[in-house]
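Given the structure of chain A, go ahead and fit chain B onto it with the hints provided.
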Amino acid sequence: MTKQAFNFKDYIRPRFFPHIWCPGCGHGIVLGSLLRAVHELGLNKNEIVITSGIGCSSRISGYVDFHSLHTIHGRALSFATGVKLSKPSLKAIVPMGDGDALAIGGNHFIHAARRNIDITAIVMNNRIYGMTGGQFSPLSGSGKKATTAPYSTIDRSFDVVELAKSAGATFVARSTVYHANECKDLIKKGISHKGFSVVEILTQCPTYYGRKNKEGDAIQMMESYKTNTVKIGSKKLEKNPNLIQRGVFVENTDIPEYCEAYDKIIETAMKGKA
Amino acid sequence: MKNKNNIRFVQGNEACVEGAIYAGIDFFAGYPITPSTEIMEHLATRLPQKGGKFIQMEDEIASMGAIIGASLTGNKVMTATSGPGFSLKQEALGYACMAEIPCVIANVQRGGPSTGNPTHVSQGDVNQVRWGTHGDHAIIALTASNHQDVFKITVDAFNMAETYRTPVVILLDEVIGHMREKLVIPEPGEIPVVERLRTSVKKGVDYHPYLPREDGRLPMSDFGAEHKYNVTGLFHDMWGFPNNDPKVVSELLRHLVDKIENNVHEISMYKEYWLDDAEFILISYGSSARSAIHLAKNRRARGIKIGVLELQTLWPFPAEMVREKCSGAKAVIVVEMNMGQVVTQVKNAVDNPRNVFLANRIDGELISPTDIKTLLRMIQGKGV
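So the protein lines, in turn, are chains A and B. Under this note's numbering, the first residue of the first sequence carries the number -2, and numbering increases by one thereafter. Under this note's numbering, the first residue of the second sequence carries the number 10, and numbering increases by one thereafter.
Calculated from the structure, these hints are not laboratory results. Just so you know, not all the hints are guaranteed correct.
What follows is a set of in silico ranges between Cβ atoms, one per label pair, in the way DEER data are often shown [said to hold, decoys possible]:
#1 B:Ser96 / A:Gln132: 48 to 56 angstroms
#2 B:Ser209 / A:Arg12: 20 to 28 angstroms
#3 B:Asp145 / A:Arg12: 26 to 34 angstroms
#4 A:Thr129 / B:Ile16: 54 to 62 angstroms
#5 A:Ile241 / B:Glu275: 58 to 66 angstroms
#6 A:Asp251 / B:Asp224: 39 to 47 angstroms
#7 A:Lys0 / B:Asn136: 42 to 50 angstroms
#8 B:Asn136 / A:Asn178: 55 to 63 angstroms
#9 A:Thr265 / B:Val257: 48 to 56 angstroms
#10 A:Glu248 / B:Glu374: 53 to 61 angstroms
#11 B:Val257 / A:Asn237: 28 to 36 angstroms
#12 B:Gly198 / A:Arg12: 24 to 32 angstroms
Glycine is no exception: its CB is placed at the ideal position from the N, C-alpha and C atoms.
Just chain A, same shape as in the assembly (with noise of 0.2 angstroms):
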């Protein structure tokens, strides 16, 4: 049997488009990324619960046609530890916004890694909070202008893959919207990993980010991904040791997953051992 071709229109629900987002914007590549993801993987719509919180990307729930769930702000990794816990047979797949996963949402996030539930957070980094039109967030950085900045910001600013790693996460990667396909492909090993898996998305707010800060129009930007990045261990780092590194940073299949190891609790609970 040959595989289908890949038509998007099979992953999206027509009536509700044309999307929110503004032209320019990173996040359609993103949503592109994923619904070839999940087709390349063969998926059932219907085993797939796609989870979100508040912002510019949570919106993507909405859009595809699987069973979606748009949350609150900063806690639908919460909301989605429900569905999974509950429900362990269903995908878990949560698309947040950098302030969403990691201001406001902060706590789930670490303890949704360190619990090592199998969910896959795709965190889509824009470094701003575009939905209210453009405050500086937790991954801006210091140095950047934004309106609640305007002098510049003085907060420095976490760094997703470390974060994600030190508080447990079992699969960790990093890509850019300017490397759609490295994108698709590491959504697919999230989504395929049995544990906690986040993959940060540098995906550019030409609107308000881009702006503010001078870093051009979205073309250009997302050019600034092809050269401040590169691929994990370049040799181009011993030059330029600032460059971001993109690939697999952690895949670690030793931990025992969150809902198995509650089955075990299970067993152990219904052979009446308390």
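Leaving out everything else, chain B in the frame of chain A:
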């Protein structure tokens, strides 16, 4: 004949757990907080024994999120907390109102505001239950004054959550939660248990998750089943997709309020003691009602025509019922442990609000029959 194994000597928090098990709870998520913690402790043992799931979350907000997620996969769900935790849950509770997700939240009240008086009793969260989350909405809140009733209203809470697709709050207090007394676990079938209403729409036919049937009910479809749909906290259309069309917004808001307020007679539960000829009526609920009943019994023995109306449904407030019951009374005394939260509702409900008085106690101690008697004697013109 009662099975002796069904007789227990338990805390109110355990009675709540037993009620939840009887109602068919599948999933619990919580965070430790006094004086509700025993609910989660007991469910941590009990749920996996029946193949259910228990999870201790990283905070109160996450617990509320987790039960909503678990409800959507087709489970009966619950969380438990007390004042500070209940404050934290409010945004997600409003989400459950808006997205119409069945769930049960037990709030075992302690003294507030803030950290307050964690190990002492209070009934200060009555209004928070009603208006804690932002925006217009309706809510169901049930309470009880003894463990047999705690069991019963817990089953009712799960039933109402399914019937009305709404969060239901079980509003206990520290005395009820921690006090031990007898509980007889009813046999299966003694109390009706309402199961989730699932859609009969077949695979391949459009399922509208938010299109009410003629009777106003919304059959659900589990996440993972054949129908894929969107759930959101934004105002939404019959597909569950965000929509801010003024007609859609107003119709949805009216639906959310009407489905509960229009069924106040179905939802309203209360008990009455010696009301038929009562000149003095004590209105109370939760542990305060124990003192009210005690005093009324004591005064009846002395020939005073006094009775008690014990409210078990606090929200939606049964104003019509309260008005009718109080229509012949010389005086109505609301007995509660707060600065006067239910008394305001009673004054709004009755024909003669000037005859409504408050007997309260707010110092963390259980209000006593003597506390109520003092006020009663003043009203009777007998002095203290």
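Right, here's what the structure says about each hint:
no., hint, in the structure
1, B:Ser96 / A:Gln132: 48 to 56 angstroms, "violated (25 angstroms)"
2, B:Ser209 / A:Arg12: 20 to 28 angstroms, "holds (23 angstroms)"
3, B:Asp145 / A:Arg12: 26 to 34 angstroms, "holds (28 angstroms)"
4, A:Thr129 / B:Ile16: 54 to 62 angstroms, "holds (58 angstroms)"
5, A:Ile241 / B:Glu275: 58 to 66 angstroms, "holds (60 angstroms)"
6, A:Asp251 / B:Asp224: 39 to 47 angstroms, "violated (53 angstroms)"
7, A:Lys0 / B:Asn136: 42 to 50 angstroms, "violated (59 angstroms)"
8, B:Asn136 / A:Asn178: 55 to 63 angstroms, "holds (56 angstroms)"
9, A:Thr265 / B:Val257: 48 to 56 angstroms, "holds (49 angstroms)"
10, A:Glu248 / B:Glu374: 53 to 61 angstroms, "holds (59 angstroms)"
11, B:Val257 / A:Asn237: 28 to 36 angstroms, "violated (53 angstroms)"
12, B:Gly198 / A:Arg12: 24 to 32 angstroms, "violated (45 angstroms)"
Hint check: violations occur at hints 1, 6, 7, 11, 12; the rest are consistent with the structure.
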